[in-house]
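Asker: Whenever a hint applies, use it, and build me the whole structure from the sequences.
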Amino acid sequence: MSSLATGAGTAVLQNVRRKRYMDRKSLVPLLLFLPPALIMFTLFVVLPMVDATTFSFFQWTGYGPITNFVGLENYQDVLAHRNFGTAVRNSLLVVATSLLIQLPLAMWAALALSERKVSVAVFRTIFFLPFMLAEVAAGLIWKFVYDGNYGLLPIVGDALHTKMPFVLADKFWVIPAVMLVVTWKYFGFHMMIFIAGLQSIPSEVIEAARLDGVKKWQIVRHIKLPMIRSAIVISVFFAITGALQLFDIIIPLTNGGPSHSSHTIVTFLYQFGILRMKLGFGGAVSVILFVACVVVALVYRRVLFRVEQN
Amino acid sequence: MASKSRRRQPAISLFQWFTLLLIAAFVIVPFYTTALGGFKEIGELRVNPFGLPSSWDATRFNEILFGPTFFPRLGNSLLISISTVVLSILVASMTGFAFAHIRFFGSKFVMGYLMLGLLFPSATGILPLFIKMRDLGMLDSHWGIVIVQVAFSLSFSILLFYNFFKELPKELVDAARMDNCGYIRIYWYVTLPLCLPIIATVGVFNFVSSWNSFLLPLIVLNTDANYTWPLGIMQFQGQYGSDWPRILAYLTLSIIPAIIFFLAAQRYIVSGLTGGAVKG
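If you read the sequences in order, they're chains A and B.
Just so it is clear: in the first sequence, position 78 is 78 by our numbering, and no numbers are missing.
For our numbering, add 1000 to where a residue sits in the second sequence, where the first one is 1.
Some clues are possibly wrong.
[As the list claims (entries may be wrong)] Capping the alpha-carbon separation at 25 Å, the derived lysine to any residue pairs in SDA-like fashion look like this: (1) B/K1166 x A/L38; (2) B/K1170 x A/L47; (3) B/K1132 x A/K117; (4) A/K25 x B/K1170; (5) A/K117 x B/A1265; (6) B/K1132 x A/F58; (7) B/K1108 x A/L47.
Rather than coming from a laboratory, the hints here were simulated on the basis of the structure.
Nothing here was measured: the structure is a model prediction, and the numbers come from that model.
Answerer: Right, here's the structure in full:
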C-alpha cells in the first residue's frame, strides 16, 4: 500500500505541470474540503501514536498528571515479559503461514478460477465467503469445530480411530489450529486480488503463447506471475500487516490461552496493557508494534523499487 | 497440466476440480454444521454433527429472536455502520476531490501525510486512543466509535476516491470552470454524480469493516444497551458456556444478514479490489 502512496505522489506532480490557474477561488473550497479529514486523522490516528510514545517513557495509571518519568524501563519490562516473546513468535508464525501457505493456496485457486465462467463463479463466492464473516463469528464457529467434547474434530478422530487432542487446550496444537482458521478466513481475499490481476492480463497474450505451444505451467511462471506482480505485492503487504494486527479471531477462539501460549502482539497488548491499565507498558508495546509495521512498510517499499528498476 | 496440448486445453483439469471441491468443502463445512447445529440437542450434536437434525425444532431461534437483546444489538451495529459509511464517503470524497482537481501549494505533502494511515493498523494506537476518547468524553457513545472508525478508514478511502477522480476527463472540470462554476459546485454537481461506482465500493468496504469491528467497541462501550452485535455474541457465549446448540443458533442468526449483504454487494467488493487497490 505504501507504494500506492508514492504512485499518488507522482500523479500529483503531473498535475503541477498542467497550466497554472491557481487563483483565489480555490482557497474557500480548500478550507472546506481539507480540514475535516485533516482534523480527524490528526486527532485519532496520528496523535494517539505520539501519545503512545509519551506514555511509554512514564509510569502512569491513566489518571492525574503524567510525571513519573522512568526512561526506557517500560521497554525493558516488555522485552523481559515472559509472554512477550511468545506473542512475537506467534505473530511471526502467522506471518509465515500467511506468506508460505495462504498466498500459494490463494494463487493456485486464482489460477484455476480466473476464467469468467458461471461454474467457476460459485467456487469464487464460496472461497470469498469467510472473508466477509466477522472475525468474532469465525473464531466462535471454529471454537465449536475444535471443541473436544461436542465439536467436529473428535468426530473426525473417531472416524480415523485416533483420539484427537483438545487442540485449543494444548500448548502445542493451539498455534497450528489458529493458523488453520487464519488461512480459512483470508485465503479467499487474496485469491480475489490475484483473480483481479489475472483478469486484467490481455487474453491475446495468453492465447499467443498457447498457440506457440508454451506449456501451461510455463505460461504461469513466465507470463501470468510477472504480469500480476503488483497484485502480489499488495497481497503480501496485506498479509503481513493483517497478521501483525491479529486480534479479533484470537479472543473468541482461545483468549490467548492455554496459559498465555497463543497471544499475538495485539492480544498481548490488550491483556497486559489495556485490561490492567498499565499505560506505560502498553505504550511501549504499541510503539514496538508501530515501529515493526513502519519498518516492514519502508523496507518493503525499498525492495519493491529495486524489483521495479530491474 | 495432465492434458496434452490439444487445440484448446480445458480450463480446469480433473485433478483441479477434485482439489477445488475439497477446499470448498473445507470452507463450507463449518458454516453448514453451524447452521444445522442450532436445531440439534447437545447429545445429537455429539453423535451426528454432519447429518440433518432429527427434528426441525426452532425453539432456540425463536427464543433469541424474541429475546430482549438480539435486535437492539443489530440495530446499534447498523446505526454505527451506516453513520460511518455516510461520513467517511463525504469526508474522503471531498479530500480526494481537492487532491485530484485543485492545485495548491503542498498538496503532495498533505496527501502523503494522510496516506501515513496505510502504514500501520489501527490496533497499534488503541491504548492511547482509549485515553484520548476518555478525555474527550467519547466513551460509551456510538458517535465516538463512528468518528474514530471514519478517521482510520480515511487513508484508504481517500486513495480510492483520488484514483477515481484522477481518471475522470479533465475537460469536464475545466469546462465547468470556464462557465464560472466554483469548485464546491463542481464537486457536488459534476464529480459526485459521476462517482457512484466508487462510492459504492468505498461504502461497502467501510460498512463491512465497521459491521464486523470488535476491538474498538470492546474498549469503548461499557453499557449493555449500547453493545454492538460482535460484543453481544461474545457476551452470549460467555453466558452459555458450552451450550453449543444455543450458541450456534445465535451465530447463525447473527451472520445471516452479513451473508445476504455479501451476496448482494459482492460485485462492489470485487471491483474495489480491482479498481482501487490493484491498479498499477
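Asker: Are there hints from earlier that the structure breaks, and if so, what are their numbers?
Answerer: Hints 2 and 3 contradicted; others consistent.
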